[in-house]
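S.K.: Here is how the chains run, residue by residue.
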Amino acid sequence: GDSVTQMEGPVTLSEEAFLTINCTYTATGYPSLFWYVQYPGEGLQLLLKATKADDKGSNKGFEATYRKETTSFHLEKGSVQVSDSAVYFCALTDGRYSSASKIIFGSGTRLSIRP
Amino acid sequence: GAGVSQSPSNKVTEKGKDVELRCDPISGHTALYWYRQSLGQGLEFLIYFQGNSAPDKSGLPSDRFSAERTGGSVSTLTIQRTQQEDSAVYLCASSLAPWKATDTQYFGPGTRLTVL
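So the sequences go chain by chain: A and B.
Mind the numbering: the first sequence is residues 52 to 166 in our numbering, read in order.
Mind the numbering: the second sequence is residues 1439 to 1554 in our numbering, read in order.
Hints are not guaranteed to be accurate.
Said to hold, decoys possible - Listed next, the in silico DSS-like pairs over lysine-lysine satisfying Cα-Cα at most 25 Å (straight line): (1) A:119 <-> A:107; (2) A:107 <-> B:1538; (3) B:1455 <-> B:1495; (4) A:128 <-> A:103; (5) A:119 <-> A:103; (6) B:1538 <-> B:1495; (7) A:128 <-> A:111; (8) A:103 <-> B:1538; (9) B:1538 <-> A:119.
As the list claims (entries may be wrong) - Some but not every residue of chain B turned toward chain A, in silico, with C-beta under 7 Å: (10) 1478; (11) 1481; (12) 1503; (13) 1535; (14) 1539; (15) 1540; (16) 1542; (17) 1545.
It should be emphasised that the hints constitute simulated quantities derived from the structure, not laboratory data.
All C-beta atoms in this analysis are idealised placements derived from N, C-alpha and C, irrespective of residue type, glycine included.
Let the sequences and hints guide you as you build the complete structure.
M.R.: Set out below in structure tokens:
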């Protein structure tokens, strides 16, 4: 079945460092890809998404490009801040069907940023 | 309301008791989803509603779990004869246009269930 594999955490970086969190997927259809973020004590929020190959999703300085050839959707940010400390989930939905698609999540990567 | 709301925010129960968890989706969203977040299993899909019907129940872990949705709005997830392995955060999400690849699911804050 469809699945998502993402970088194991925790990841600890200094403020202003460059961030990459790797994510690869397996899907038989044409999935939409997402990054969700869960800040401490808060609910799950959509960070960014891409619905077809070569699309780039971006939000709050984060970017991810849908790479069909490598089945990847790596999350990047050029300069992280302490406020970016959170758990990040890579996810997909399979858009083949006319009915709604459940989200399949990766295991999550905990990111901590040191001042 | 502006977002998905869930109640209660925390629930502590004794093993063997039944519990009901409630979800209020975003107004106008026809699709509603339940997920579970636990330490051992990560984030897992449980069930999906379109209107009042549930075309996908594939994630319900056992027949102790059931859910209903009334009036195309509020949904209740019921767990009967709770077990310790049911302890988790139960998340509800809703979306407007599930037939579109561009559809986005919006999540509630969750209900933390602890079974003693």
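S.K.: Does each hint hold? Answer for all of them.
M.R.: Now for the hints, and whether the structure bears them out:
no. : hint              : result
1   : A:119 <-> A:107   : holds, 12 Å
2   : A:107 <-> B:1538  : holds, 18 Å
3   : B:1455 <-> B:1495 : holds, 23 Å
4   : A:128 <-> A:103   : holds, 21 Å
5   : A:119 <-> A:103   : holds, 9 Å
6   : B:1538 <-> B:1495 : holds, 20 Å
7   : A:128 <-> A:111   : holds, 9 Å
8   : A:103 <-> B:1538  : holds, 12 Å
9   : B:1538 <-> A:119  : holds, 20 Å
10  : 1478              : violated, 11 Å
11  : 1481              : holds, 4 Å
12  : 1503              : violated, 15 Å
13  : 1535              : violated, 9 Å
14  : 1539              : holds, 4 Å
15  : 1540              : holds, 5 Å
16  : 1542              : holds, 6 Å
17  : 1545              : holds, 4 Å
Figure legend: structure checked against the earlier numbered hints; hints not met, in rising order: 10, 12, 13.
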